[in-house]
Amino acid sequence: MRLLKLIPDNTNIGFVRLRGWAFGLTALLTVIAVIAVAARGLNFGVDFVGGLSIEARFDRPPPLDQLRTEIDRLGIGSASLQQFGDKRIVSIRLPVPKGADEGATNAEVKNVQNTVKAAFPAVTFGKTDTVSGKVSEELTFWGIVAVLLAVFAIAMFGWVRFEWQFGLSTFVAIMHDVLMTLGFFAVTQLEFDLTIVAAVLTIVGYSINDKIVIDDRIRENMRKYRQMDMRGIIDMSVNETLPRTVMTSLTILIALTALLVFGGHVLRGLSLAMILGVVVGTYSSIYVSSSLLISLGLKPQPLAAPKVKASAERMPTEGL
Amino acid sequence: MLDFPRWKRVWICFVLACGVLLAIPSLIGETQAKRFGVGFLPRINLGLDLSGGSHILLEADTADVTKARLAAMEDTIKSEMRRNEIEIGETSTANGRLTFFVRNVAQVDAAVDKARAQTHGIGATGQRDWDVTVVDSNRVVLTPTKAGIDAFINEAMTGAVDVVRKRIDAMGTREPTIVRQGSDRILVEVPGFDNPAQLKALIGKTAKLEFKLVDMEADQAQVAQGRAPVGSQVLHYENGAPIAVQRRVIISGTQLTKAQQAYGQNNDPTVSITFNGEGARRFGRVTQDNVGKPFAIILDNVVLSAPRINEPILGGSAQISGNFTVESAQSLAIALQSGALPVALKVVEERTVGPQLGADSIRAGVLASSIAAVGIILFMLVTYGRYGVYADIAVVLNIFIILAVMAIFNGTLTLPGIAGFVLTIGTAVDANVLINERIREERRRGRNVVQSVELGYKEASRTIFEANATHAISGIVMLLMGTGPIKGFAVVLLIGIATSVFTAVTFTRMMVAGYIRRCRPTDLNI
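Line by line, the protein sequences give chains A and B. FYI, the numbering for the first sequence is 72 to 391, going by my numbering. FYI, the numbering for the second sequence is 8 to 533, going by my numbering.
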């Protein structure tokens, strides 16, 4: 049987040569992401801003304007309506009633549901979330802490297991990935809720995974070819790991695409964020973290000056 | 490296077989598991987003706890000083501390001693729950200490969890989860229940029931302005109308033995209550002395009704009528029966998922996982041939083992958990990709079959370890910091990382080793 080989043997793409261009592209995208987040902001779900959210499922796509007018007539604040991939499902978001106790919130949910049901008798309600301002502040705080802590912990790991340059370059690359994801959510205005934080953390995990594989190979080659210059080593390492990079991103993309298409609307944001993260994470492994190693002045150590630190690490045994 | 002694192979197969067997009860569901006689085996629970149900986070009003303790201490001090014939002036509970004057300066020391005797030590440190000090030579001040306040809240919360549990159990819902969260919160999760309003009405009600005599001497004009004579207080009816009642409690909800929904004279829903012996005697005595006067039935400081005592009530039972529906009378009965909440609880977060959406999510999740698995299996097959098949078997086994581990720990599978599952399938094959690519590479460099395989596993294992370790770091952070959906996702991710090392590295190595020993291939079709 002839097996599929996505990347031919002995592929040698001059990744490092394109470094300048890639740097420009990265800078441009980063600026766009920052501007998008700053100017448009994120479309935070009730998890982060508090409020109540009612998910309504209609028998056919409802006229949003009419729906909005119906709810606005209740005079309980302006409703924000959002359709998922399936146009029949609408998420209705409202602020929590002022100074509310449970009774008022209950009544408000019932009120909205009855109003919508009167106008569209075939509607059913999938889920209802009510999050108070205090809880949403905590969720926001812990969400930010979680992402930062994960990135720092992983960068520390890179530093301890490798050299400080690896830790720093990985840190920068991951921050880039997180920023790109935020930028994507700012541009598309997809709802940003707790599950997206999980997605961001997974992107961090995946992206680091990808970088460690390449970093590991760079370290191995630095020890094997002590006379080679850093550009050569990075090109060689990226090319050697390219079949794996392509295979793994493809398998994960297969899994995520299945999730996006068949996983139902609740998981849509999560899958979309992760698909983006896989693409961005793979790109940043080559053009942010690896390229940065050159700028940070990492060089193979000549044999004459053996490093004290290196001896403490696990050395791959040469040859057999 | 390629040596696998028999005991090792037996051991690996045994672990895998256990994994598959333990996963089965979760896959076939409760009813089927019972039918095949394996109902006793642990199963994975479905999260609320999959089973449908209500998730309610309650927060205690902690200021309320301290206030109640201050009031209780005020009563104790008053009676204690009276008992010891220490004359004291008006007490005050302003600014979160209890202050009183001792009229006779000579008695100040005795008063402090008596007050101190009412405080308690907390834990091993021996710190008291109240600080007793003297200011301006004759003013005694009792301030609750930080440790004291924490202890009061802790006590109240423990009681509150009990009361909430009793109330939910009384509703007959199945398998509710009621856990304390942090110092002042209670998380309630009730699967398969889609009437959150009733649930909240039930657990959010303090249900402090008191019977007090109405103060007939109070000046109605004063009462309307919210002022009551000494020894009385102004309360309000449900419609907001004020009424003056005596502060002294005739009888309270703590003395009732039974509460149930009943029907009154006009067939309107009421709650009938029965007091214990002591309560009944006291109630009988007070009603005997006050025939013709009204008394107020007060629930959570709201006057439900103020019926006139037509004759002494000696049987120890009474009926509470108000603006009840059958449903609200039932929940009040349950609330009274379970006792009052020691602290008022407020809903700060509520999530309800309808059973229909839950079922849809399960279907979508299973479909997505299956398609992802089939896609990846085919892809690995066409890329790595025989070695792809080994990886595929490893992936399938891994799915079973993740389910088994979750079942053993009684884990909960949520919708984000399913996403974690799909992602784990994707990343688990990464280990095999790393290994197989490395074998290809070594082969290209001209090493022989055995060397290539050995080196491939060895070199790739280091990378896999490092990659998994970092992946696990982000998983652990999610588990520690995350709430709800993030946690469910992290649990599956972490289990998947751990089990995939076993299936994707150890298991496939055993398969490859077996194949090489059996067939002694001269070339690797990889």
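Calculated from the structure, these hints are not laboratory results. Keep in mind that this is a model prediction, so the values were computed, not measured. Keep in mind that a hint or two might mislead.
Unchecked claim - Below, simulated DSSO-like cross-link-like pairs (lysine-lysine); rule was C-alpha separation at most 27 Å, straight line:
{"hint": "1", "chain 1": "A", "residue 1": "Lys205", "chain 2": "B", "residue 2": "Lys121"}
{"hint": "2", "chain 1": "B", "residue 1": "Lys121", "chain 2": "B", "residue 2": "Lys85"}
{"hint": "3", "chain 1": "A", "residue 1": "Lys205", "chain 2": "A", "residue 2": "Lys181"}
{"hint": "4", "chain 1": "A", "residue 1": "Lys76", "chain 2": "B", "residue 2": "Lys465"}
{"hint": "5", "chain 1": "A", "residue 1": "Lys205", "chain 2": "B", "residue 2": "Lys85"}
{"hint": "6", "chain 1": "B", "residue 1": "Lys465", "chain 2": "A", "residue 2": "Lys295"}
{"hint": "7", "chain 1": "B", "residue 1": "Lys353", "chain 2": "B", "residue 2": "Lys465"}
{"hint": "8", "chain 1": "B", "residue 1": "Lys15", "chain 2": "B", "residue 2": "Lys121"}
{"hint": "9", "chain 1": "A", "residue 1": "Lys370", "chain 2": "B", "residue 2": "Lys74"}
{"hint": "10", "chain 1": "B", "residue 1": "Lys215", "chain 2": "B", "residue 2": "Lys121"}
{"hint": "11", "chain 1": "B", "residue 1": "Lys173", "chain 2": "B", "residue 2": "Lys465"}
{"hint": "12", "chain 1": "B", "residue 1": "Lys353", "chain 2": "B", "residue 2": "Lys300"}
{"hint": "13", "chain 1": "B", "residue 1": "Lys265", "chain 2": "A", "residue 2": "Lys181"}
{"hint": "14", "chain 1": "B", "residue 1": "Lys121", "chain 2": "B", "residue 2": "Lys173"}
{"hint": "15", "chain 1": "B", "residue 1": "Lys15", "chain 2": "B", "residue 2": "Lys153"}
{"hint": "16", "chain 1": "B", "residue 1": "Lys494", "chain 2": "B", "residue 2": "Lys353"}
{"hint": "17", "chain 1": "A", "residue 1": "Lys205", "chain 2": "A", "residue 2": "Lys158"}
{"hint": "18", "chain 1": "B", "residue 1": "Lys300", "chain 2": "B", "residue 2": "Lys74"}
{"hint": "19", "chain 1": "B", "residue 1": "Lys300", "chain 2": "A", "residue 2": "Lys205"}
{"hint": "20", "chain 1": "B", "residue 1": "Lys85", "chain 2": "B", "residue 2": "Lys173"}
{"hint": "21", "chain 1": "A", "residue 1": "Lys158", "chain 2": "A", "residue 2": "Lys181"}
{"hint": "22", "chain 1": "B", "residue 1": "Lys85", "chain 2": "B", "residue 2": "Lys74"}
{"hint": "23", "chain 1": "B", "residue 1": "Lys74", "chain 2": "B", "residue 2": "Lys121"}
{"hint": "24", "chain 1": "A", "residue 1": "Lys205", "chain 2": "B", "residue 2": "Lys353"}
Q: Would you pick out the hints that fail for this structure and give their numbers low to high?
A: Numbers 1, 5, 7, 8, 9, 10, 11, 12, 13, 14, 15, 17, 18, 19 and 20 - these are the hints that the structure violates, sorted from lowest upward.
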